[in-house]
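K.L.:
Here's the letter readout for the chains.
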Amino acid sequence: MMNERTRLEIEIARYVDGEMTQAERAATEQRLAADPELRRVADELAALRPHVAEAVSSAAGSIDGERIWRHVSERIAARPSPFETFLSGLRVFLQPKVAVAAVAAVILIGLYILSANLIGPDQAIAAEPMITDVEYDNPDIVVIVNEDAETQTAVVWIDGIDTSEVN
Amino acid sequence: MRSLIRYAAVVALIAAGAALLPPRPAWADDQITFKVIVVKATKDGNSMDPSLQKYAHLLKGKGYTNFTKLRSTSLTLAKGASGTAKIAGSLKAVLNYKSEINKRIAFSCSVFKGSARQTSVNYSIPRGGKAVVVVTGTPGYILIIKVS
Numbered sequence: 001m002m003n004e005r006t007r008l009e010i011e012i013a014r015y016v017d018g019e020m021t022q023a024e025r026a027a028t029e030q031r032l033a034a035d036p037e038l039r040r041v042a043d044e045l046a047a048l049r050p051h052v053a054e055a056v057s058s059a060a061g062s063i064d065g066e067r068i069w070r071h072v073s074e075r076i077a078a079r080p081s082p083f084e085t086f087l088s089g090l091r092v093f094l095q096p097k098v099a100v101a102a103v104a105a106v107i108l109i110g111l112y113i114l115s116a117n118l119i120g121p122d123q124a125i126a127a128e129p130m131i132t133d134v135e136y137d138n139p140d141i142v143v144i145v146n147e148d149a150e151t152q153t154a155v156v157w158i159d160g161i162d163t164s165e166v167n
Numbered sequence: 001m002r003s004l005i006r007y008a009a010v011v012a013l014i015a016a017g018a019a020l021l022p023p024r025p026a027w028a029d030d031q032i033t034f035k036v037i038v039v040k041a042t043k044d045g046n047s048m049d050p051s052l053q054k055y056a057h058l059l060k061g062k063g064y065t066n067f068t069k070l071r072s073t074s075l076t077l078a079k080g081a082s083g084t085a086k087i088a089g090s091l092k093a094v095l096n097y098k099s100e101i102n103k104r105i106a107f108s109c110s111v112f113k114g115s116a117r118q119t120s121v122n123y124s125i126p127r128g129g130k131a132v133v134v135v136t137g138t139p140g141y142i143l144i145i146k147v148s
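The listed protein sequences derive, respectively, from chains P and B. Oh and the first sequence: position 87 is 87 in the working numbering, straight run, nothing missing. Oh and the second sequence: position 126 is 126 in the working numbering, straight run, nothing missing.
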């Protein structure tokens, strides 16, 4: 609960700040005239008032809300669009050093692949016949050929050679 | 930005190093190695040499059930050269390396009985491919020719 002293100090502050009605001001002046201690407090407060006002004004003046908002607005407006971001990245990539390094990498990797013979037989090569010709010297033999392109295997069956005597 | 340049530079250096590796010597392209595995196949018994298991799918047929590996011969041949792989007794196979065109090896495999040529088959097989020659009979002989 607010004590009497505090209440009086608030009253004096309102008096010094000129916030009282005419009747309140008259009543307070009567009280100050009758109480020297209260008069002294009121005088001290009145003496401090200009300094306090100046400090508050100075602090408020250092925060320029309008300037801050203008800065934020400019930053928002200056933010690049996704397309501009893409173009920016492209410009980085198209810088001579990066472009030369990338082209060199592609060319050299291609050369490496070719020189290392890493390119395996393609489907066209695998699909070509693996048995191109069969010559017969013994009229009694029969040669049956079979090819499996998937396993790249050519199988030849030679019937008609007597193998019993070669054991 | 800096990391992008570094990445591209590293890739370029690696590729450059790989590309500058010494090329295969010319003679290496003029020689081919044929590995010839000779297998005896019979219809009595039911076994297969463990080393032939990976060729099992090539050996089946003509009723053979028993497979014994007789020998393995490696022939490194220059272009135009011939090499002989013994099959059994007087039976032999003569391989002749002819050329390599478009990564396919052209060669012939002639089967001789004594000095008499029985037949000759001309091949054009991609590197890594296989030619299988089955001389049927009792017993049968199977040649697995790997081209590398």
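Some hints could be false.
Take a look, some chain B residues computed to stay more than 10 Å from chain P by CB distance [to be verified]:
hint : residue
1    : Ala116
2    : Ser124
3    : Val132
So, partial list: chain B residues that the calculated Cβ filter (under 7 Å) puts toward chain P [what the hints assert, rightly or not]:
hint : residue
4    : Tyr64
5    : Lys69
6    : Thr73
7    : Leu75
8    : Thr76
9    : Leu77
10   : Gln118
11   : Thr119
12   : Ile125
13   : Pro126
14   : Gly129
15   : Ala131
16   : Val133
17   : Val135
18   : Gly137
Hints were generated in silico from the structure; no laboratory data involved. Just so it is clear, CB atoms sit at the ideal spot from N, CA and C, and this is done for glycine as well.
K.L.:
What are the numbers of the hints the structure violates, in ascending order?
P.N.:
1, 2, 3, 4, 5, 6, 7, 8 and 9
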